[in-house]
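Spelled out from the first residue to the last, the chains are:
There are 2 protein chains.
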Amino acid sequence: MKRNLEWKVGRSSNKSTPPDCFYTATVPGAVQLDWAKATNMPDYTFGDNVKLYDGLEDFYWTYQATVKKSEDNKRCFFVSEGIDYEFEILLDGKLIHAQEGMFSRVELELTDKIKSESLLEILIFPAPKRADAPVDRSQADHSCKPAVSYGWDWHPRLIPLGIWDETYIEYRNAEFIQNADVTYTLSEDLSRADVKLEFEQDLLWKIFAPDGKLVAETRDNKLAIENPLLWYCNGQGEPNMYTVTAELIVDGEVADCKHMKIGFRRARLIVHDGGWVEPVQFPKSRSNPPITLELNGRVVFAKGANWVSPDIFYGRFSKEMYEPLVKLAKDANMNILRVWGGGPVNKESFHELCDEMGIMVWAEFPLACNKYPDDEHYLDVLDVESRSIIKRLRKHPSTVMWCGGNELFNNWSKMTDQSLPLRLLGKNCYELDKHTPFIPTSPIMGMGHGNYVFEYFEGADAGRDVLNIMQERKMTAYTEFGMPSPSSPEIIAQIIPENEREYPSRTSAWITHHAFSAWTKEGDCWICLELLEKYFGKNLTYKQIYECGSWLQCEGYKAIFESARRQKPMCSMALNWCYNEPWLTAANNSLINYPALPKPSYYAVQASCRPVFASCSIPKFTWNAGELFEAELWILNDSYDNQTGGSVNVVIEINGERHQLLTWDFPTPEPNKNIEGPVVRWRLPDVDVKEFTIHLESNDKSLNSSYRLKFQPAEVVEETNAMNV
Amino acid sequence: MKRNLEWKVGRSSNKSTPPDCFYTATVPGAVQLDWAKATNMPDYTFGDNVKLYDGLEDFYWTYQATVKKSEDNKRCFFVSEGIDYEFEILLDGKLIHAQEGMFSRVELELTDKIKSESLLEILIFPAPKRADAPVDRSQADHSCKPAVSYGWDWHPRLIPLGIWDETYIEYRNAEFIQNADVTYTLSEDLSRADVKLEFEQDLLWKIFAPDGKLVAETRDNKLAIENPLLWYCNGQGEPNMYTVTAELIVDGEVADCKHMKIGFRRARLIVHDGGWVEPVQFPKSRSNPPITLELNGRVVFAKGANWVSPDIFYGRFSKEMYEPLVKLAKDANMNILRVWGGGPVNKESFHELCDEMGIMVWAEFPLACNKYPDDEHYLDVLDVESRSIIKRLRKHPSTVMWCGGNELFNNWSKMTDQSLPLRLLGKNCYELDKHTPFIPTSPIMGMGHGNYVFEYFEGADAGRDVLNIMQERKMTAYTEFGMPSPSSPEIIAQIIPENEREYPSRTSAWITHHAFSAWTKEGDCWICLELLEKYFGKNLTYKQIYECGSWLQCEGYKAIFESARRQKPMCSMALNWCYNEPWLTAANNSLINYPALPKPSYYAVQASCRPVFASCSIPKFTWNAGELFEAELWILNDSYDNQTGGSVNVVIEINGERHQLLTWDFPTPEPNKNIEGPVVRWRLPDVDVKEFTIHLESNDKSLNSSYRLKFQPAEVVEETNAMNV
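Protein chains in written order, with our numbering: chain A, 863 to 1587; chain B, 863 to 1587.
Next up, chain A with everything else stripped away, as it sits in the complex:
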């Protein structure tokens, strides 16, 4: 029997001084939220109010609650799924537990320690910060605390602390199930699951099929399931899950019972077709590492996005917060979410939802963009935390791969294959879940991160838009790429003071919400005003900024997702940066505004992720009057379902007129194979419009696509040329 406690919390400046006074605490939650409520702090989401929370993370915070002895002589346990970050637990003033790390469950038996009523205290230490680090994410580089909370280009600096996951008192029978774990191995041909049951007491195990029928019953430590219904990801089959129950029988009665879910699947990373040809030349290096996902023996093109914290406060993560977001991923035809290592590992309900909806999870450890050290204390904490994470997440069939963390082998992190934290993570993943792939970081050799804007003003690719750049890139996986857009006027109204809303300016509120100075101090990311002015002229209204920015985001994302899919089989993964956001932003690369509001680009990506559709490869975004328009037609297909051939009409709509260019009769697509179609060519007229659209219209309307491109009449082209001279 679980009992939630009535918690209060107070703060103090040092460890030895108790708080002056206590406030009501919400558990799970965060000390900052309780403090804000108690002291009537203004809403952190508005303007630059978030800065008022600065420094709260440097206090000691003490939670208090009263625990009562069981009235019917049951054993009493304190259980917490997560306390953030370093803490001590005291009972009636006596230390009973100390821990560093928010991802390792706490379970303490209090039975013989409590009086009829005892005071339970949890003393939360100040947030970990490397002493000599600047005030940024590098403060987190000696801890397992999510680095994103220290500030990121789309996340304010606000470092939550406190009890962040389910925490309760449990009264248990004298005998209860101490340990009951289920693992399995699938035979090479997937026709049999050998289930291994781990337990210490005499338990009665039952396994029920997805339809609820009892499949097997045993008191033994193993059983085999013939022809198990496998777990498939979205678009490839049903996410079948079996139910397992373990019953502890004492004196003929069920003294305790444990329910578990299990999904049988085999996930591998394999080398793509043709991947062994390179390298050719002597001296010869290695071939690319594998990044093609094979699920249950079937190559799956991984379509999805980078999942970030759905809230600044991890303590507010809940099934209610997760569910619409995971559902939107499923509805967007996605099959994978990369849970980015800058944020925290999610709560159980996230993984349960991913299991249920067939969303594969790329599970990353909490390391990102920092040089995590070969330091014995850090390695000890990482060892315990990572083992806790692996043991919890490996139970979920959706956990198809492990990753050490984000961008650790790049210039801004400077970790390497020799870094002990990554070698430790590889070791722990092997020990605890060796049949699930592990990569040390993203990107690895052959994979790419970026672009993050529609067009760069500097560097080797300056002046080329993303449609154009993607024509020549050849990577095995695009595991981050971003296209920013401004948020809608309705959202701006919720976060920017009224007198600043008309036009984005470098005020504190716009900067705080990532419109400016996000990526670089000088930059105008993520609002990209300079780029919008280059493309669409000066003196735009905010509504125009929103609409034009959204247009670029839509076409940019379509270009990358569809280009990645055309590069199959060498390329096997497309994950945009990023899926969601932790609060309302003024501008961001996300497809979805906080908490779960799809942007126009969400629907564009949804279309580009359809299993089968007519697509075209367009070499650039801006076209001039009189120019020869060219685009390759494709049928993109990553489905293994039976398909039929059909026809696609290509229509260019410009200046209100529809020009039918050609009809392409395409054959029946083979499973998970694209079809290359003809190249459309058409001399663009000189008309006084600013855009045109290419429509691919099929007899099967579900295959239709449209691409909206920018047009420059002759007069504008001349002006631009004159300006450039």
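If a hint is listed, it holds; no wrong ones were tucked in.
Just so you know, same-sequence chains aren't split out, so a pair can sit in one copy or run between any two.
Within a straight-line C-alpha distance of at most 25 Å, the following computed SDA-like cross-link-like pairs (lysine to any residue) qualify:
#	residue 1	residue 2
1	Lys-1146	Tyr-1314
2	Lys-1276	Ser-1049
3	Lys-1120	Leu-1294
4	Lys-864	Ile-976
5	Lys-1189	Ser-1211
6	Lys-1535	His-1557
7	Lys-1233	Asn-1158
Since the hints were derived computationally from the structure, they do not count as laboratory data.
Keep in mind that this is a model prediction, so the values were computed, not measured.
Let chain A serve as the given structure and place chain B on it in line with the hints.
Relative to the frame of chain A, chain B by itself:
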């Protein structure tokens, strides 16, 4: 007290039938050698006699010896450092031990099992062969047996079996030292060694400095040594070693004593200067993995070679066999040997010699050019074997890096970063020796293997010699590159029948000794007759073949070693393929003929590995009359010792005349920094000679270098051009 046994050995066709008769066995050794001696088989090194040994590896072999009880009531142990490969041990017919794997020590207490005289038997199973594999190295791909024994392009097929390392009976006191292990960690600034002593009994520990003075004495499990004398590799300092003794005192007497050596050093793989700049372009991949060796905080350019089995029969490896070879490496200015994973892990004496002579060891596990499987049985054997290997080799300061095996991430192997054997090896190296770097295979990203001939006839680089190709390659490490040469007429006389010696032909003897059909069935590797004819004309005598082939080997190796050194700091390693050979070859890439006979190329490489010398970069090997000769001058320096500047005269010697081209006054080289000098340019005359030499002559003669190049008079050039049209 150790007692060797009198062994005999016999063979049988199946496990249940005992041998008909027994022969004298040499231990350590190999069953094939005993059999050959007993049955008067001809010398396997001559002609194609080695083929007569085919099939011997498919028998069961039984060793027998008599063990006597201790006369003075001591405990009796059977100890073997290595039995090859799968075996059972029986005492008076009763199974007392079974094992698969030749690298895990056997120690069995027999005290309570033996009678006054007992029969000890070791039943050796047939060599492991994957049942469905072709008759080549892939037969070894499910075992930890060295793949090279199954046949390689420079190693005959002959798969040794039997007791291959020290094996004896040891009579011990009732109490003896069960376990005494020494490990250490160095402080970040290298000023302190924290020594950890592992033991179970009460031991008195003493540590003696390299000069023999007692440094510390303790009964505790740790001690610190301030300012330890560090172990340095050849060319960088002294290979300082401390001596550790552990004494077990029983009743005031030393009941047992153990002596150990320990060398304090810190070895790291770091990213070279400038290595973080790449990649630049979006989408952005990772930076190159680190391969620059840093020893005791000092970047060391790794100069050396690939060490292969010094004998076909591992059982014959001995200090006497190793010593001249390791000494030659030291004398060649080398500081590292890559112990290639196709061959076996070496015996202790090899590693002791490397410790003493400052030769760093790149230690590879026994995996090479095969797809070792994710198979539970194989993983279990590899786990035990690799743990044994790591625990033995980690004690040696010379062991500066671990490597999973050879060329596993290439087309001919098809293992990947996800392969469980490699993930297991990474895990074990972390667990047992985490401060020593681990790479999964060679080559990894950025590193290169090859070339292996002076010029290729096919592929993208066809028609370009190795001097030319190396002008444009940019790799972080050249960890294999080979230049073959024919063996001397004296060696040919030892291995090729008299009537075949005059000119190499595709007879069985020449093929067996790798002159032909080595690399490919059709190829003329390693004698390279076609290439020699192209360069030096038809109708060469064998003496000319030897001399011309040696010339190419010398200049080819010089070009690669010196080019790699010029590519510093991006490149930090040059290891030629291969150093030595397991038997006398007719032609091979080795620098040293079996057992330890330096070839001319040994001396060329010795010169190219000097710490400091005048070098030049020559863009090709063959020059024509009237052509403008060009070569860059360099001072190559990888020493940290104080240097002085000086001058280099450049002289071209052609047709018996010396032409002085220039004098370059070079400044004082900075530690471990090269100096770029001027480009020599000189119009070549038309003279009727076939070669010319460029001499770099310094005031300090130890810096001098010469390069011998091929020359074509105008007449020859015309003929060649005419032929090519």
